[in-house]
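Engineer: One-letter residues, chain by chain:
2 protein chains.
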Amino acid sequence: MKDYTIDITLSEARKEKPVAEQLQFGKTFTDHMFIMDYTEGKGWHDPRIVPYQPLILDPAAMVFHYGQSVFEGLKAYLTKDEAILLFRPDKNMERLNRSNDRLCIPRIDEEFAIEALKQLISVDRDWIPTAEGTSLYIRPFVISTEPFLGVAPSSRYQFIIILSPVGSYYKEGIHPVKIAVESEFVRAVLGGTGTAKTGGNYAASLKAQQVSNLKGYSQVLWLDGVERKYIEEVGSMNIFFKINGEVITPSLNGSILEGVTRNSIISLLKHWDIPIVERRISIDEVYEAYKEGVLEEAFGTGTAAVISPIGELFMKEEKLIINNSQTGELSKKLYDTLTGIQTGKDIDSFGWVVKVN
Amino acid sequence: MKDYTIDITLSEARKEKPVAEQLQFGKTFTDHMFIMDYTEGKGWHDPRIVPYQPLILDPAAMVFHYGQSVFEGLKAYLTKDEAILLFRPDKNMERLNRSNDRLCIPRIDEEFAIEALKQLISVDRDWIPTAEGTSLYIRPFVISTEPFLGVAPSSRYQFIIILSPVGSYYKEGIHPVKIAVESEFVRAVLGGTGTAKTGGNYAASLKAQQVSNLKGYSQVLWLDGVERKYIEEVGSMNIFFKINGEVITPSLNGSILEGVTRNSIISLLKHWDIPIVERRISIDEVYEAYKEGVLEEAFGTGTAAVISPIGELFMKEEKLIINNSQTGELSKKLYDTLTGIQTGKDIDSFGWVVKVN
Ligand SMILES: Cc1ncc(COP(=O)(O)O)c(C=O)c1O
Ligand SMILES: Cc1ncc(COP(=O)(O)O)c(C=O)c1O
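Each protein sequence line maps, in turn, to chains E and V.
Quick note: the first sequence uses this note's numbering, first residue 350, plus one each step.
Quick note: the second sequence uses this note's numbering, first residue 350, plus one each step.
The shape of chain E in the complex, shown without the other chains (with noise of 0.2 Å):
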């Protein structure tokens, strides 16, 4: 790990905490943020935390014309004797690099940026909070901040983190969802940037998102972009499919973001000695596996809601109704044992939980 000293700046006026009831995902933030820049020549430098403020960008500054950037999403838990507990953040920030790479933008220490993260949420840690379903989450990200006109990769970034305590995702919490399948839009393709956590891909997604809410879907199936039949991920979840005892999620192709949640299932289900497999699945095989009464579950995977249960998939303009709509005993299974370890409530077997101090 680079030895770098982080300078805290303590905010005078502190703001008032929701209250757990009212909580919404990613609407409200803590008293502090982590910032660091980054110039050419001189690399990263200059880590700070201070109070949660603006940021003031020229505004020829290239995020906001050319789209570099990229983003991480993880959550802080409160155990019940007041333990931080972190999820697997190493693998976000080994994801956050892999971003990086594919953007052009320069690598940040991993171990540093754990360590940053650490310090924040300690220095906010009072904003954790505690009720069932509730955590921080934590959005660490990298903006390119040159005044520049023009397609190149900027000389300069902002890594910033900030933090945001959140209730459930799905204001229903788990909760079986519906979800369309996506024929006209693509998401990401083979040679492009699916694979990264950058900004562009989100932006993509919106359109598809805004007609499949007006049909009463909550996100969209993304198919692959070039034959437009094989499954790749839900909006901002991977997903899995029971199939006669077997489960299947497809496999990371080049063009799939890969979730840590879907690492973690994977392992839990091997641990378990249920089947589980990596591999292109298309859509018609899962339509046909639904005719033939063993489409069992069907799950998405994200650190946002955790197990998403998918209790209605649309596609080939009919309505398939998995686990008669609803929360299937394996997600339920996945569910309860992920956010056990999470939470601290389970022994966690598997060494994903890292403790701030």
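For the record, the hints were derived by calculation from the structure and aren't laboratory data.
Careful, some of the hints might be misleading.
Heads up, the list lumps identical chains together, so a pair's fine if it works in one copy or across two of them.
What the hints assert, rightly or not - Distance condition first, Cα-Cα at most 16 Å in a straight line; then the derived EDC-like pairs of lysine to aspartate or glutamate:
1) Lys-376 with Glu-495
2) Lys-694 with Asp-430
3) Lys-376 with Glu-365
4) Lys-376 with Asp-407
5) Lys-556 with Asp-450
Could you slot chain V with the ligands onto chain E? The hints should help.
Structural biologist: Showing chain V with the ligands alone in chain E's frame:
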């Protein structure tokens, strides 16, 4: 046109203007900028011209995370008799709204946007450079500003226009460039955002460009993301080939940007009775034409460089030298005619040029 009044606050201190010979592309900005806000429910409001100044944005502003942004690029020229000319600004504003639609950003009144642009340029008219090849580059853009960490269209935006006096895009002026066909990375795919001028497309292009720069090529030639053999466009230019007397440019297939320069060139060629066809064209076809000695010229077209003759095209592990690495006759004629019209030296029989006051 909507009836807005633009509030003008003049800058007290004026910046020093760069000398013509030292003008770089997109590095210097004028004394003022235009801003207008959007809030859900209220619509676009509060248009104003203010001193060029930093944007002050919450670190959770959606543009930093989910890339919801669009932009445009056009130029203003000062004629010998001190008139200010814009080139087809209606086309840029039309495209801005097409980009807005794709990115779920509320539309902007196009006529008003042109009016705003004119007023801003009038205020900063002293900044328009006059030396050969120079102009005032105009960058309208929209960013999403709601502080919210959730993948959804923002409820707040800013529409901003900044101005930059520029020299030639390529330091060498009109001079053949070297371009490499890109076989690993993909810029855009049908169903994605390729037809919109949005940051994510440019962020996605950086890696390929970086790799090809290292090999001595200034930009890459993108192929389609599905079959990986049809020609799409160059970094920030559309492309034309002259093969055996006929000019061919890829058709607007749903993944390339509809260039204003492209459109103007098609009109010019038709006007001159030079055969011009918009259709799918594969890399193999270009290669064969080269081998048969009938690939007469190739050039990129875009606002920044106007016409960029292609002197060398790298593909299939081979360097195709086009027209002896010289600027072709047609490329030169198109460049002279277009810049002649744009700068008011030649008569504009197409009604393309718009006067500012
Ligand atoms: C596109 C996409 N896929 C999948 C995921 C799930 O990844 P993780 O489990 O690391 O949160 C996310 C969310 O981070 C995402 O944005
Ligand atoms: C991707 C892309 N293609 C083509 C063009 C050319 O468009 P125009 O002629 O309108 O400048 C541009 C530049 O604006 C561009 O960014």
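Engineer: The structure should be examined with respect to each hint, and the outcome stated for every one.
Structural biologist: Against the structure, the hints:
| no. | hint | in the structure |
| --- | --- | --- |
| 1 | Lys-376 with Glu-495 | between (28 Å within a copy, 10 Å between copies) |
| 2 | Lys-694 with Asp-430 | within (10 Å within a copy, 79 Å between copies) |
| 3 | Lys-376 with Glu-365 | within (13 Å within a copy, 42 Å between copies) |
| 4 | Lys-376 with Asp-407 | between (25 Å within a copy, 11 Å between copies) |
| 5 | Lys-556 with Asp-450 | between (27 Å within a copy, 8 Å between copies) |
Violated hints are absent here; each numbered hint is respected by the structure.
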